[in-house]
Amino acid sequence: MKKFWRVLIFEYIRRVKTRGFLFAVISMPLLVILAMAIGLVSVRLQTNTLPVGIFDQSGIISFEIIPQETALFPSQSVEILEFKTIESGKHAVQTGDIQALFHLKADYLSTGEIEVFALEKPGENALNHMRQFLKDNLIHLESPQTIEILKKGNDFTIRSYDGSQQANMRDWFVVFFPFAVGLIFVIVINISGGYLLQSVVDEKENRTMEMVVTSVSPEQLMFGKILGNLSVGLTQLFIWLAFAVFGLTGFQVFFHYDQVPDIQPVHLVILFGIIAPGFILIAALMTLVGVMVTELREAQQVSVLFTLPMVSPFWFAAAILKNPGHPLTVFLSVFPFTAVVAMPLRASTSTVPVWQFIIASTIMWASAVIALVLAAKSFRLGMLQYGKRLSLKYILRTRQGVQTNE
Amino acid sequence: MIATEVRNIGKSFGEIVAVDDVSFSLYEGEILGLLGPNGAGKTTTIRMLLDIFKPDHGEIEVLGGLMDEEKKDRIGYLPEERGLYQDISLEKCLHYLASLKGMESDTIQNRLNSYLERFDLMKNRRQKVKELSKGMQQKAQLIATFIHHPKIIIVDEPFSALDPVNTQMAKDLLREERARGTAIMMSTHQMNQAEALCDRILLIANGRLVLSGNLKEIRRCFSKNEILLRASSPIPERIAGVTYSRPENDQTRLFLKEGIKPGAILAQLIQSGVEVEHFETAQPTLDDIFIEVVTGKNKAA
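So the protein lines, in turn, are chains A and B. Residues in the first sequence are numbered consecutively from 1, following the working numbering. Residues in the second sequence are numbered consecutively from 1001, following the working numbering.
Be aware that one or more of the hints could be misleading.
Stated by the list, open to error - Below, in silico cross-link-like pairs of lysine-lysine (DSS-like), each with a Cα-Cα straight-line distance of 27 Å or less: (1) Lys-1092/B x Lys-2/A; (2) Lys-1092/B x Lys-1151/B; (3) Lys-1071/B x Lys-2/A.
Bear in mind the hints are in silico, worked out from the structure with no lab data behind them.
The shape of chain A in the complex, shown without the other chains (with noise of 0.2 Å):
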């Protein structure tokens, strides 16, 4: 058990201790924020900070209201300016003091419509403003409770048919988790499942595992690289979580958004029952793949055979949301390559009953124990191989022992 675990640490260590580890872990949340700076960015160039004008013929303005702030930065907000005629508003436009000039006729309540007056388009952040400041005048003239409910939004609460599942559309979590597993799942699993097939083809062909499998048993050798690789994905996905609850916590602090995840039930046999046993089937071929082929960019290529089929379920992800119940949809969410996506993303959305739950589990373990148990056979097999592959013919066929190279 304690060469087990020194497998496992320094197949980790090994990984996690190399440049591409790093590059790869700081390169997402680098583009991530990346991305929000260049929106920044874009948002900043789109702001005008001059005053807008009001000419207002409507009648329903009232200077009074302060609208509610809807720019990111203080410094973006405008000032509104109340104009008696159209003239001295345009004059104000055409010299520079205010960069719009908003018209509201008498017929506003009507049509809706406001004429604009502006040498060129005004900020996003004005028109924003301006949109904000329309609207609280607009409902200003409702009852106290209209406006709570105006201010509040409506609150959607999706029920199944048999009341079993609810999900609240304010509680993002719900519909959001299951999509997450799914994608992470496939993130997770590549880049492990990336750095295992490197770790077998690697040490098979440079004859490693022939130095290893005298301290070691093969099966040892074989689990610690599995959950060795395994976890440099794990956590590589944990330092991106970290990133992404840091940034939400900030987004909480910035816009005062108060939402806390709420783990479920469905959640939980979702982790257990189907994403668990998921790692562990596509780890085992993964390296079962490893030790039959001779080059990786030939395992690689053969793996696509499990990790493509991992992934198709997004493709079809509008179709398994408009129609959960379809028998397709549940093939998909019980077949072992399908079932970490499909699954999840029905989940989300409906209520998968639970003899499905059951059987779509029951079919990863077995899946998963099956190619464990091939994998060490294999694992046997092939590992002294050297520049050759391995049938699955072979391995299904042979009961015990390894074929030499002599």
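Since the structure of chain A is provided, determine the placement of chain B on it from the hints.
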């Protein structure tokens, strides 16, 4: 004392019989040479000893019992092809391989420093293995084999890629281990190295053990009635009891008739006034024996 006892082991892969009914013992404090042509079954035999393969039949006893996890830590193995992690530093690679032999970190570091010094690799310890020359990698592989002070050492072509200085160093190391009581099995194609180091040899061909025993006895057994002679005066063309002669470097090889004793030839030469500088009963080299046995002209058989 017997370190490894092999009894009638055999291993087949499909229709191919790789090892067929091989038995031998490996004793503590000896170097046993495992010789044989390519594809003879040497590597399969070694892999069975190391428990990488299970024999189809027969038994292998290691250090007084069947192989287990604990005994694996007391065996050192140097494969024919280098088996080192290429993308990590030499020090990390050796540290890891030693840790898999159950050694604690402090002990590993102390011994590693000492071996790196001895093999002149200290300055290369932070280099990636793939950046090292073949010779350096072979020295690293030797360190991985010896670092945990095993009771049994199995080395497959230990001197490949080593220059004469490092070959000597490796030989010294093997001799030191033998003196310490370690049982060593050495597989090699370099007959001169086997002659220089091995106490006993096993010769395997077509999966079967065709020759085994003490090197001196084997040589005597394969010895032909031949003499190597060097003289400072001309050697007579006709010598009684000699069928024919052949120059060989600065010497002459004399092929004696059956039953003729070398002493009689020496006496005859001195009587005829030949100034003898060197007179030696020629022993067959291990190369000669190997070729003779493997090509089927086996005198012993």
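Structure-based check of all given hints:
no.	hint	in the structure
1	Lys-1092/B x Lys-2/A	18 Å, holds
2	Lys-1092/B x Lys-1151/B	24 Å, holds
3	Lys-1071/B x Lys-2/A	15 Å, holds
This entry satisfies every hint, going by the numbered hints stated previously.
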